[in-house]
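**Student:** As a plain string of letters, each chain reads:
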Amino acid sequence: MAYKLDAKTPAGELAQKWSNHKAAIKVVSPANKRKLDIIVVGTGLGGASAAASLGELGYNVKIFCISDSPRRAHSIAAQGGINAAKNYQNDNDSVYRLFYDTIKGGDYRAREANVYRLAEVSNLIIDQCVAQGVPFAREYGGLLANRSFGGAQVSRTFYARGQTGQQLLLGAYAALNKEIAAGSVKSYPRHEMLDVVIENGEACGIIARNLVTGEIERHGAHAVVIATGGYGNVFFLSTNAMASNGSAAFQCYRKGAGFANPCFTQIHPTCIPVHGTQQSKLTLMSESLRNDGRIWVPKKMEDVEAIRKGTKKPSDIAEADRDYYLERRYPAFGNLVPRDVASRAAKERCDAGYGVNETGLAVFLDFKTAIERLGKETIKQRYGNLFDMYEEITDVNPYEQPMQIFPAVHYTMGGIWVDYNLMTTIPGLYAIGEANFSDHGANRLGASALMQGLADGYFVLPYTIGDYLAKKIQAPKVSTDTPAFDEAEKGVRARIERLFAIKGNQSVDDIHKRLGLIMWDNVGMARTKESLEKAIVEIQALRKEFYADLKLVGCNESFNVELEKALRLEDFLELGELMARDALNREESCGGHFRSEHQTEDGEALRHDDKFAYAAVWEYKGIDNAPEMTIEQLDYEFVHRAQRNYKD
Amino acid sequence: MNFTLKIWRQKDAKSQGAFETYKVENISADTSFLEMMDILNNNLIHAGQEPVAFDHDCREGICGMCSMHINGHAHGPSQAVTTCQMYMRKFKDGSTITIEPWRSAAFPVIRDLVVDRGAYDKILQAGGFISVRTNSVPDGNAIPIPKADADESMDAAACVGCGACAATCKNGSAMLFVAARVSSLAKLPQGKVEGARRAKAMVAKMDELGFGNCTNTGACQAQCPKSISIAHIARLNREFLAAKLQD
Chain A
1 MAYKLDAKTP AGELAQKWSN HKAAIKVVSP ANKRKLDIIV VGTGLGGASA AASLGELGYN
61 VKIFCISDSP RRAHSIAAQG GINAAKNYQN DNDSVYRLFY DTIKGGDYRA REANVYRLAE
121 VSNLIIDQCV AQGVPFAREY GGLLANRSFG GAQVSRTFYA RGQTGQQLLL GAYAALNKEI
181 AAGSVKSYPR HEMLDVVIEN GEACGIIARN LVTGEIERHG AHAVVIATGG YGNVFFLSTN
241 AMASNGSAAF QCYRKGAGFA NPCFTQIHPT CIPVHGTQQS KLTLMSESLR NDGRIWVPKK
301 MEDVEAIRKG TKKPSDIAEA DRDYYLERRY PAFGNLVPRD VASRAAKERC DAGYGVNETG
361 LAVFLDFKTA IERLGKETIK QRYGNLFDMY EEITDVNPYE QPMQIFPAVH YTMGGIWVDY
421 NLMTTIPGLY AIGEANFSDH GANRLGASAL MQGLADGYFV LPYTIGDYLA KKIQAPKVST
481 DTPAFDEAEK GVRARIERLF AIKGNQSVDD IHKRLGLIMW DNVGMARTKE SLEKAIVEIQ
541 ALRKEFYADL KLVGCNESFN VELEKALRLE DFLELGELMA RDALNREESC GGHFRSEHQT
601 EDGEALRHDD KFAYAAVWEY KGIDNAPEMT IEQLDYEFVH RAQRNYKD
Chain B
1 MNFTLKIWRQ KDAKSQGAFE TYKVENISAD TSFLEMMDIL NNNLIHAGQE PVAFDHDCRE
61 GICGMCSMHI NGHAHGPSQA VTTCQMYMRK FKDGSTITIE PWRSAAFPVI RDLVVDRGAY
121 DKILQAGGFI SVRTNSVPDG NAIPIPKADA DESMDAAACV GCGACAATCK NGSAMLFVAA
181 RVSSLAKLPQ GKVEGARRAK AMVAKMDELG FGNCTNTGAC QAQCPKSISI AHIARLNREF
241 LAAKLQD
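Those protein sequences? They're chains A and B, same order as listed.
Note that the first sequence covers residues 1 to 648 in our numbering.
Note that the second sequence covers residues 1 to 247 in our numbering.
It is worth saying that the hints were derived from the structure and are not from the lab.
We put the CB at the ideal spot given by N, CA and C, even for glycine.
Hints should not be assumed to be uniformly reliable.
With the Cβ distance kept under 8 Å, some of the chain B side facing chain A (calculated, not the full set) [to be verified]: (1) Leu40; (2) Asp93; (3) Gly94; (4) Ile97; (5) Val137; (6) Ile145; (7) Ala196.
Pairs of lysine-lysine residues, derived as DSSO-like cross-links and limited to a Cα-Cα distance of at most 27 Å, are as follows [said to hold, decoys possible]: (8) A/Lys477 / A/Lys490; (9) B/Lys147 / A/Lys551; (10) B/Lys6 / A/Lys376; (11) A/Lys186 / A/Lys551.
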């Protein structure tokens, strides 16, 4: 049965939609809020800000995270900044311009109304965070400073050194702590959601595993909010934290929630290249470095070979012999083109043989010009911690020699389908932040993930959830002693027992690394019909191997990291296939999704708006059955879709 | 490179722990310390043994999840980095490396190298915030803040809450952690409103949770992966004293 998707986009002028909608939706009175329970899963920017705001409104909130403290969520690792349309730099920025840049950056595959709302509330986020004591960078006059990020020609990114995500998360975590102290939010650290419980078609709670004791717990609520981030770790090697996973989202999908555009993956252009087979994760070098760093490879193949052999240093290559290929190809945006464009351009040069390390998979990010222009001290002030981190990892001093960088998996634009209220196809089940699909289309602009997480959590969900909960004010406390909870708990226990019973020979990591290679080689930066069909067959085979040959030690009733990893890998093994299927269906190139068959003469992504101007929403049909796709047509009322142009 | 590892193994909070010795071989110098631990664990799993439990997550030195006392130092012998940012090239080939969990009364061991740092959350819940409601705030540029103050606030806010300070302190004091938060907010006009209440509440909670007193040895600063200065402890003391004098 296909979904009947209703995005619930409000009518009216673009700039009035959110105001009109807020005026039209229901609110819940303070006396009734006290009677309503909400579960929030995940404590990153989205989850923490939502839980804090909902608690403050008077709802009873329970918040769950897999780490030992809400403050560890992976939002903390975001380096560069957060966008807002403040126009503090007087460079003609506006809500409309931020909206337009974001929708264009996403290659016209996001909903207009959602993106406009995001741009509209962006300014409130900055105000909120300043009031919480987030120490944003300031100018000598005491006012807030900005820098530039990819895909924009204005300077609208607010930042706190290279630790913006950390500071924003500590702000949201502080707001959360305030509510925990007030008793409106109860925190469950080291707990992992293993299933969502549905009764009469509505979300009514979760099954969680206490990661310290292994206890399987039932938690009921009138609404459940998923804020568990993205699923980039399906690739094994990514810039995500080690424990970041797609499992909570995937349980929602298994239980009937639509999963939208799973193939939209962001490959970030500036990461430290892979160094060997023992590597566990990839480290990002912030996009902010492209404000001052210039990306290049040698023009002459003999220089490439000399650098690889070590007979020449990059600094020995004369200016005239350097190919600043982004500046050459995209004069208007130069080194600040969006991430998908920069990543593909790096791949193009490396495929042509100009990669500058022994694997041939690296390009230079050079600060020579900037150091000459601004002095070492200024560069140190701007990026000191990133330079230190680079040197720690690679043993190369980036003040003297350029950094080596290469694209790596970073973010997933796809996610659980939500309507304008951020509600999934299951009533009472919401998804916010990276976990949903809503705002970034086929490619996210830098400094927009933090913006979306906090927009959803502080300024959107606390209003829209009331529209649903207003119908629940007569509902009693959710009982967890029901057949729906019984069945969900039984399912979770059976899953765990099944994994322990396999008693095979391969560890979780052994299998996960193989899945990662299949994904990177076939569902990575460039995809073809053949590679995707190959990936589907290989993932299915690997999944069979997982169920036949997994080696899992220990038991459920203890602190068992291997079990946690095995459960997450089990979900990745299905999610990977879903991504390949979605990529196979989408016979066009757009944003981060590049089908080699569909490119312009210049090698740019070639969209087919006549056929694919839609979000592909997938419905689960069982582990070995093909999922069913429903289309949400993306009708553009206000923006004219054009070939993205970053040249002039 | 080859290493001998002496690692603290402890089944759970109630059990007694002990050191176990393991060998790891053919480790590349570019391998991170935690990747070396991954390799050990994969070997243990293949041998049918339970892997060593250790906390870690972002592996970029920012989440504060990784801990470990390595050769007697919190986060190992390197200065100003977390365990996850340390690379095996820092160790001598063939050497023996001793790995223990944080040792602090307020951080009970959960398993092996994993400890419960919930006490830090509780201290922050006692007052480590500014009481503003969502959407009830002035424009971000309404209050100019001198750059030097904002920078100093940021210096303190760089704390990742890993627990190295309390684990290193001979008194088991959490003063550097508490000071980092108090000082970061005290340097900003927004934070001053509740300054007195905050300093008193957080210090009282720290005492209640079993952390020791500060005797200014400076060990916390030396071992802090973010090099948070003990000057912030001085500011906390001033804030605390001023608050008490108002009582």
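**Student:** Run every hint past the structure and note whether it holds.
**Tutor:** Here is how each hint holds up against the structure:
no., hint, in the structure
1, Leu40, "12 Å, violated"
2, Asp93, "16 Å, violated"
3, Gly94, "19 Å, violated"
4, Ile97, "17 Å, violated"
5, Val137, "4 Å, holds"
6, Ile145, "5 Å, holds"
7, Ala196, "16 Å, violated"
8, A/Lys477 / A/Lys490, "22 Å, holds"
9, B/Lys147 / A/Lys551, "55 Å, violated"
10, B/Lys6 / A/Lys376, "43 Å, violated"
11, A/Lys186 / A/Lys551, "36 Å, violated"
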